[in-house]
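Given these sequences and hints, build the entire structure.
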Amino acid sequence: MPDKTPLPDLLRRTAAGDKPAFASLYQATSAKLFGVALRICGRREVAEEVLQEAFVAIWGRAKDYDPVRGSVMTWLVTIVRHCAIDQLRHQQSRPEGHSAPEEVLSSFVATGRTDISAELRALQRCLDELDPQPRKAVLLAYLYGLTRDEIAARLKVPVGTVKSSLWRSLERLQRCLGS
Amino acid sequence: MRYGRPELGDRLAADYVLGMMPQRARQRFERAMADDATLRAAVGAWSDRLKPLDDITVGEKPPARVWRAIEHRVQFAAPAPARGRLRPGAFTFWRGLAATAVAACAALVIYIVLYPKPLPQIFEALADKTGLPDWIASAKHSPSDVGLSTVNLGTSERERPRWIRAALLLTNDARSVTVDPPAPPR
Numbered sequence: 324m325p326d327k328t329p330l331p332d333l334l335r336r337t338a339a340g341d342k343p344a345f346a347s348l349y350q351a352t353s354a355k356l357f358g359v360a361l362r363i364c365g366r367r368e369v370a371e372e373v374l375q376e377a378f379v380a381i382w383g384r385a386k387d388y389d390p391v392r393g394s395v396m397t398w399l400v401t402i403v404r405h406c407a408i409d410q411l412r413h414q415q416s417r418p419e420g421h422s423a424p425e426e427v428l429s430s431f432v433a434t435g436r437t438d439i440s441a442e443l444r445a446l447q448r449c450l451d452e453l454d455p456q457p458r459k460a461v462l463l464a465y466l467y468g469l470t471r472d473e474i475a476a477r478l479k480v481p482v483g484t485v486k487s488s489l490w491r492s493l494e495r496l497q498r499c500l501g502s
Numbered sequence: 062m063r064y065g066r067p068e069l070g071d072r073l074a075a076d077y078v079l080g081m082m083p084q085r086a087r088q089r090f091e092r093a094m095a096d097d098a099t100l101r102a103a104v105g106a107w108s109d110r111l112k113p114l115d116d117i118t119v120g121e122k123p124p125a126r127v128w129r130a131i132e133h134r135v136q137f138a139a140p141a142p143a144r145g146r147l148r149p150g151a152f153t154f155w156r157g158l159a160a161t162a163v164a165a166c167a168a169l170v171i172y173i174v175l176y177p178k179p180l181p182q183i184f185e186a187l188a189d190k191t192g193l194p195d196w197i198a199s200a201k202h203s204p205s206d207v208g209l210s211t212v213n214l215g216t217s218e219r220e221r222p223r224w225i226r227a228a229l230l231l232t233n234d235a236r237s238v239t240v241d242p243p244a245p246p247r
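Those sequence lines, one after another, are chains A and B. As numbered in the working numbering, residues 324 to 502 make up the first sequence, in order. As numbered in the working numbering, residues 62 to 247 make up the second sequence, in order.
It is worth saying that the hints were derived from the structure and are not from the lab. Since this is a predicted model, take the numbers as computed values, not measurements. The reader is advised that the hints may include incorrect statements.
[What the hints assert, rightly or not] Restraint-style ranges between C-beta atoms, simulated for each label pair:
1) A:454 - B:125: 40 to 48 Å
2) B:129 - A:487: 44 to 52 Å
3) A:331 - B:72: 24 to 32 Å
4) B:120 - A:483: 35 to 43 Å
5) A:394 - B:83: 40 to 48 Å
6) B:126 - A:494: 40 to 48 Å
7) A:481 - B:89: 37 to 45 Å
8) A:480 - B:122: 34 to 42 Å
9) B:96 - A:480: 32 to 40 Å
10) A:367 - B:96: 19 to 27 Å
[Stated by the list, open to error] Distance condition first, Cα-Cα at most 35 Å in a straight line; then the derived DSBU-like pairs of lysine-lysine:
11) A:386 - A:479
12) A:327 - B:122
13) A:342 - B:122
14) A:459 - B:122
All C-beta atoms in this analysis are idealised placements derived from N, C-alpha and C, irrespective of residue type, glycine included.
What follows is the structure, encoded as structure tokens:
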């Protein structure tokens, strides 16, 4: 029976060493987090190891969570993403064949799903306002955890260009999203 | 690295959220965040802006073996050795621990070989950076020691001087100290 306890409560109890709460937290969030790990790592066995590392870190760092940083899920995703990125850099190998991220995004939105959040629609609209290359750079970084060097190689532009264009793109997103 | 200027903090927060920072820079940034609510808020804002992208990823139930491995790793009974990231040597350990604590996916059990040992600082760092009530420090006085003496690292500020003294006594002349997570609640 899935635990309906809100994530902040589960995380707080995890921070206090409550193993069953930690198990419930895992049960409630691991599918999505595994999806994120798979997206970045490409290889299944690597993603499994990343998920393991991430939850061991979550166990140790639960008390560091501060709601001002966003929702619990956001915080968990951040930990998983960083673990995945570290793992990839450590292995110095990059999974090949990431789907073009803009296509992944637009096909998701285009399926006419009714559960697309207002936030995602807003973000997609703002992303559409960027030029194609800068947009691609943002998506390659966020969705796949590519480094600036890797993005530069993939887009066939200098690293310096990626650096400045990423920040400009993020600033534009910030203005567009109006926060 | 100064995070005083708001724009710099904001840029770094964006880098952090995008995953652009190398591991060490990230760890430094996480330490800075611990003391700086503005930085935390900036990270929160960037996370909120970009996290809708995670909605497009289909979740997938991980195999049961992943949870079994996690459970195993956070149990007291069967500590795993540290990953290669933390090298032996007291000062390297000190730097590594202060920087990472249990951040960055390091294994929770840290196996170290101590030389001259700034132990009070190490245990202070453990408590401060990781908030480790009830962690157990076990000392080996020779490589073949299997009978570990242990000290419970205590739970409160008030207790801390006492357990630091106990830990010092314990680890005096120790060849290695292992720090383990608390036993699972009964």
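Q | Distance restraint hint 40 to 48 Å, applied to the beta-carbon atoms of residue 454 of chain A and residue 125 of chain B | A | holds, 46 Å
Q. If you check the beta carbons of residue 129 of chain B and residue 487 of chain A, does the distance land in 44 to 52 Å?
A. Holds, since residue 129 of chain B and residue 487 of chain A (Cβ atoms, about 46 Å apart) stay within the stated range.
Q. Would the pair residue 342 of chain A and residue 122 of chain B pass a check requiring their Cα atoms to be no farther apart than 35 Å?
A. holds, 20 Å
Q) Is the hinted range of 40 to 48 Å satisfied by the C-beta distance from residue 394 of chain A to residue 83 of chain B? A) About 26 Å separates the Cβ atoms of residue 394 of chain A and residue 83 of chain B, which means 40 to 48 Å is violated.
Q. Regarding residue 126 of chain B and residue 494 of chain A, is the given constraint of 40 to 48 Å on their beta-carbon distance met?
A. For residue 494 of chain A against residue 126 of chain B, whose Cβ atoms are near 44 Å apart, the range 40 to 48 Å holds.
Q: Confirm or reject the claim that residue 481 of chain A and residue 89 of chain B have a C-beta distance inside 37 to 45 Å.
A: violated, 27 Å
Q) Do residue 120 of chain B and residue 483 of chain A keep their Cβ atoms within the hinted range of 35 to 43 Å? A) holds, 37 Å
Q. Measuring from beta carbon to beta carbon, are residue 331 of chain A and residue 72 of chain B in 24 to 32 Å?
A. Roughly 29 Å apart at Cβ, these two residues keep to the hinted range, so it holds.
Q: Mind checking the alpha carbons of residue 459 of chain A and residue 122 of chain B for me, to see if they're no more than 35 Å apart?
A: holds, 29 Å
Q. Within 32 to 40 Å or not, the Cβ separation of residue 96 of chain B and residue 480 of chain A?
A. Holds, since residue 96 of chain B and residue 480 of chain A (Cβ atoms, about 37 Å apart) stay within the stated range.
(Q) Please check whether residue 480 of chain A and residue 122 of chain B have a Cβ separation lying inside 34 to 42 Å. (A) This hint holds: roughly 39 Å between Cβ atoms.
Q: Measure nothing beyond the straight line between the CA atoms of residue 327 of chain A and residue 122 of chain B; if it is 35 Å or shorter, mark the hint as holding.
A: Cα-Cα ~18 Å, so holds.
Checked against the numbered hints above, the structure breaks hints 5, 7, 10, 11 and satisfies the rest.
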